[in-house]
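Sequence lines, in order, name chains A and B.
Residue numbers 36 to 352, in the numbering used here, belong to the letters of the first sequence in order.
Residue numbers 15 to 524, in the numbering used here, belong to the letters of the second sequence in order.
Misleading hints may appear alongside valid ones.
[As the list claims (entries may be wrong)] Computed beta-carbon distance windows for the label pairs:
hint	chain 1	residue 1	chain 2	residue 2	range
1	A	Arg312	B	Ala414	40 to 46 Å
2	A	Leu37	B	Gly408	50 to 56 Å
3	A	Glu241	B	Leu495	34 to 40 Å
4	B	Leu373	A	Phe52	21 to 27 Å
5	A	Ile72	B	Ile82	37 to 43 Å
6	B	Ile70	A	Ile104	31 to 37 Å
7	A	Gln260	B	Leu495	45 to 51 Å
8	A	Thr205	B	Cys67	47 to 53 Å
[To be verified] Listed below are the simulated DSSO-like cross-link pairs for lysine-lysine, each with C-alpha atoms no more than 30 Å apart in a straight line:
hint	chain 1	residue 1	chain 2	residue 2
9	A	Lys159	B	Lys57
10	B	Lys102	B	Lys90
11	B	Lys376	A	Lys115
12	A	Lys159	B	Lys60
13	B	Lys150	A	Lys193
14	A	Lys193	B	Lys165
15	A	Lys193	B	Lys58
16	A	Lys158	B	Lys58
17	B	Lys376	A	Lys158
18	B	Lys57	A	Lys158
19	B	Lys102	A	Lys193
20	B	Lys401	A	Lys38
21	B	Lys376	A	Lys91
22	A	Lys193	B	Lys376
23	A	Lys159	B	Lys58
[Unchecked claim] Covered stretches of chain B, as calculated for chain A (at least 3 residues, CB under 8 Å):
hint	stretch
24	353-362
25	367-375
26	453-463
27	476-487
28	497-510
Rather than coming from a laboratory, the hints here were simulated on the basis of the structure.
Every residue, glycine too, gets a C-beta built ideally from N, C-alpha and C.
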Amino acid sequence: MLKYTLQRIVLMFFTLFIITMMCFILVRMLPPVEIPIEDPHSVVIAQRREAMGYNKPYLVQFGIFIKDIFTRFDWGISDKLYFGQNVADIFIEKLPATIIVNLYSIILSIPIGILLGIWAALKKNTWIDHAISTLTMVVISVPSFVYAFLIQYFLSYKLGWFPFLMKGGTDWFSPAMFVSMLPAVLSLSFGVIAGFTRTTRAELTEVLTSEFMLLARTKGLTRRQATVRHALKNCMVVVVPAIFGEFIGIMSGSLIIEKIFAVPGVGSLYINSINGRDYPMFMMLTVFYTVIGLLASIVVDISYGFIDPRIRMGSKK
Amino acid sequence: MDQNFEHIPQEKFEFAQLDAHIHDTKFETKAHGYFADAFIRFKKNKSSVVAACIIIFLVIFAILAPIISPYDIKQKDNIYVNFGPFIKSIADTEVGFFDGGVVYDSQNENQMLVFRAMAEETGNDPLIKILGEQDKETLKRGQTVITKTYKVRVNKYYAVGVRYLVMSYEEFQKIQDFQNETGYQVILPYVEAKDIYGISDNPNIWYKVSDNKGTPALDKDGNFVPAYSTSKSKAGAEYNSIRIKGDDGSYIYSYSKSGAVQCRINYFNYYRYVNNREPMFIFGTNSIGQDLFGAVGIGARFSLVFAILVSAINLTIGAIYGAIQGYYGGAVDLILDRIADILYEVPFMVVATLFQLHLAQKVGVVPSFLFAFVLTGWIGMAALTRKQFYRFKGQEYVLAAKTLGAKDSRIMFKHIFPNALGTIITSCVLVIPGVISSETTLTYLGIVNLSEFAGTSIGVLMSQGQAAMTTSPHAMFFPALFVSLLLISFNLFGNGLRDAFNPSTRGVED
Numbered sequence: 036m037l038k039y040t041l042q043r044i045v046l047m048f049f050t051l052f053i054i055t056m057m058c059f060i061l062v063r064m065l066p067p068v069e070i071p072i073e074d075p076h077s078v079v080i081a082q083r084r085e086a087m088g089y090n091k092p093y094l095v096q097f098g099i100f101i102k103d104i105f106t107r108f109d110w111g112i113s114d115k116l117y118f119g120q121n122v123a124d125i126f127i128e129k130l131p132a133t134i135i136v137n138l139y140s141i142i143l144s145i146p147i148g149i150l151l152g153i154w155a156a157l158k159k160n161t162w163i164d165h166a167i168s169t170l171t172m173v174v175i176s177v178p179s180f181v182y183a184f185l186i187q188y189f190l191s192y193k194l195g196w197f198p199f200l201m202k203g204g205t206d207w208f209s210p211a212m213f214v215s216m217l218p219a220v221l222s223l224s225f226g227v228i229a230g231f232t233r234t235t236r237a238e239l240t241e242v243l244t245s246e247f248m249l250l251a252r253t254k255g256l257t258r259r260q261a262t263v264r265h266a267l268k269n270c271m272v273v274v275v276p277a278i279f280g281e282f283i284g285i286m287s288g289s290l291i292i293e294k295i296f297a298v299p300g301v302g303s304l305y306i307n308s309i310n311g312r313d314y315p316m317f318m319m320l321t322v323f324y325t326v327i328g329l330l331a332s333i334v335v336d337i338s339y340g341f342i343d344p345r346i347r348m349g350s351k352k
Numbered sequence: 015m016d017q018n019f020e021h022i023p024q025e026k027f028e029f030a031q032l033d034a035h036i037h038d039t040k041f042e043t044k045a046h047g048y049f050a051d052a053f054i055r056f057k058k059n060k061s062s063v064v065a066a067c068i069i070i071f072l073v074i075f076a077i078l079a080p081i082i083s084p085y086d087i088k089q090k091d092n093i094y095v096n097f098g099p100f101i102k103s104i105a106d107t108e109v110g111f112f113d114g115g116v117v118y119d120s121q122n123e124n125q126m127l128v129f130r131a132m133a134e135e136t137g138n139d140p141l142i143k144i145l146g147e148q149d150k151e152t153l154k155r156g157q158t159v160i161t162k163t164y165k166v167r168v169n170k171y172y173a174v175g176v177r178y179l180v181m182s183y184e185e186f187q188k189i190q191d192f193q194n195e196t197g198y199q200v201i202l203p204y205v206e207a208k209d210i211y212g213i214s215d216n217p218n219i220w221y222k223v224s225d226n227k228g229t230p231a232l233d234k235d236g237n238f239v240p241a242y243s244t245s246k247s248k249a250g251a252e253y254n255s256i257r258i259k260g261d262d263g264s265y266i267y268s269y270s271k272s273g274a275v276q277c278r279i280n281y282f283n284y285y286r287y288v289n290n291r292e293p294m295f296i297f298g299t300n301s302i303g304q305d306l307f308g309a310v311g312i313g314a315r316f317s318l319v320f321a322i323l324v325s326a327i328n329l330t331i332g333a334i335y336g337a338i339q340g341y342y343g344g345a346v347d348l349i350l351d352r353i354a355d356i357l358y359e360v361p362f363m364v365v366a367t368l369f370q371l372h373l374a375q376k377v378g379v380v381p382s383f384l385f386a387f388v389l390t391g392w393i394g395m396a397a398l399t400r401k402q403f404y405r406f407k408g409q410e411y412v413l414a415a416k417t418l419g420a421k422d423s424r425i426m427f428k429h430i431f432p433n434a435l436g437t438i439i440t441s442c443v444l445v446i447p448g449v450i451s452s453e454t455t456l457t458y459l460g461i462v463n464l465s466e467f468a469g470t471s472i473g474v475l476m477s478q479g480q481a482a483m484t485t486s487p488h489a490m491f492f493p494a495l496f497v498s499l500l501l502i503s504f505n506l507f508g509n510g511l512r513d514a515f516n517p518s519t520r521g522v523e524d
């Protein structure tokens, strides 16, 4: 198992390295953003660019880039959006909003999703199950910005329960902030709840039909006891890693929601850096999202590896 | 003995049992093949059948909507912006929809009178219904004043009312000709600002007012008193066309304005003059004045064609890649799998962005967008094909084909692939909603700009709608409804197909 885990982690770093290199070279091949002539930062930026090897071969530039990251955690300076500021500082400043919004939405989704999943599995092939399954399907299909629209229009505009946009400031845990976050959290949650429902239902139906459940019933446990003590326990073994995977996963799914609700987070920063052609920012966030994606898949893979030793590398679907 | 078995003369063959009775029972029922069988199972799944019908309907919509819509996608109106659905013949029946209706809160008496004045002058009553009245008490200079406010439903198209327009003499003459021909009153008599307390920014006032806020000075019966100008010397040009009721020929219809004329025009009829038809917006208009009905159709066409194209290309690449992986296995499989793994982990947003930045100018926006989808999109398909190949390559018929000396490529694509086809096509269908969803997201965010190529796209329409969501929700609602319906039914349809092709995996999410 340790070998498997190590293998996965090494492979992850290898993948990350290659993706970073490809993206880096592709980004540097683009003509760099012109530095405004009159700006006092310009001299500094020109010097920084020189130090970052802007006129050297791409692989040398990449070497400098990697070296700067490892020695000083220096990801370069923003050349458009936050002119002259350190990219890493801005990123760290934006991170809490994203994490908090995602955390709330996960916290909201876990109980609802799992309960719905359990309910559907227990009532398998009844109208309840069909209703929940179809609804899950529907909810998963609809893109998140449609929920954002519905929530903004009905809850914020018609009923006036929430503000339209998330309020500014850094008082992350104040009640006003919580209320202003709720629309974003809700819009994110729909998809996540449906995802949990689906996973739980699929897993629990499989567990409920297995032989040890029959044994549990035979030895005299009631259906309720058997479900809670045996089925749920076995089912959670799969669902819990899925929760971690999902948490990491929705960080990358929240781009649009952050933009719509003006969440001052990493997602909107990323979109702005793309639309504003801020390459150093774009590069750092690309690495960030790649890491997020890799982490999500590795967490799920490794935990599955723990649960089911038959799952080996390369035998993925 | 002659060992040449290859060229046995035909005469030497004879039937072994031509007259003997065969003791096998004949099939009573008709046998159906793999696909027919799947189709029977598919038909039993009600939700998928409904989904299939919805997809067909939406496809027909996408084909027909831009044809039905009388407007071109490039045609944009400057005034009818973010207006609701409107069809005049339905609006006239007062059924409560397709009337461009919008609810206005707290309209004061003055505003209500303006609506009445518009109705009287243009003949189109903007006021659909009064939904509620409210008395508001305010303290003004130590006295309590009761102001009445109304909640009303107003036809936005009619509420545009009258506009000022500066035009050339030729244009003025052309409109007169149009008026003579059709009988629609486009140009209305001019009102000079000096007659209405100097109000020069509200062309809708044609009556005598009692202050510079536009409070009407009504006569004792409660009617408006016309304030039309009769000073012939100020007229911009000769007017010899139909005149409004109550005009004894003394009203002037234009106002001279250095080399041109300024007129008060009835915008609804002016629209008729410009477009040769009256406004008809089945879904309303969006924030740049396009007809939403046609625009959604155009966007839908692009989304559907693009998604099908992407899924076909991905199917081809993925099938070949997966077939090679699955058939040869071993080191080939391992290396190809690592390549796929690495590509798979690149975030799609990054791929799309980089392709846009690098290729969009060289090969165009759409091809580079397509490349972005193809670059990582085939991986799922390859993984699936590979799995199917692992499943089938050990089976006897493959061994038989090998024994008979079939080439690798023949075994792969003639023998194994057709068996895996059902599963592969199914997942191909499931790829389509994914592509549409990503495409919509990227155009919504403005990362990919398809407007030049396709005119518009569903994502663009939605982001335009989002901007004016509170005042005109229809601009967001229709594209959102379309894309949601499309994605839901494609997913349901795909799931139904999958269950039909693999009855053993029913209910298990893959």
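For each hint given before, does the structure comply? Return the numbers of the non-compliant ones in rising order.
1, 2, 5, 6, 15, 17 and 22
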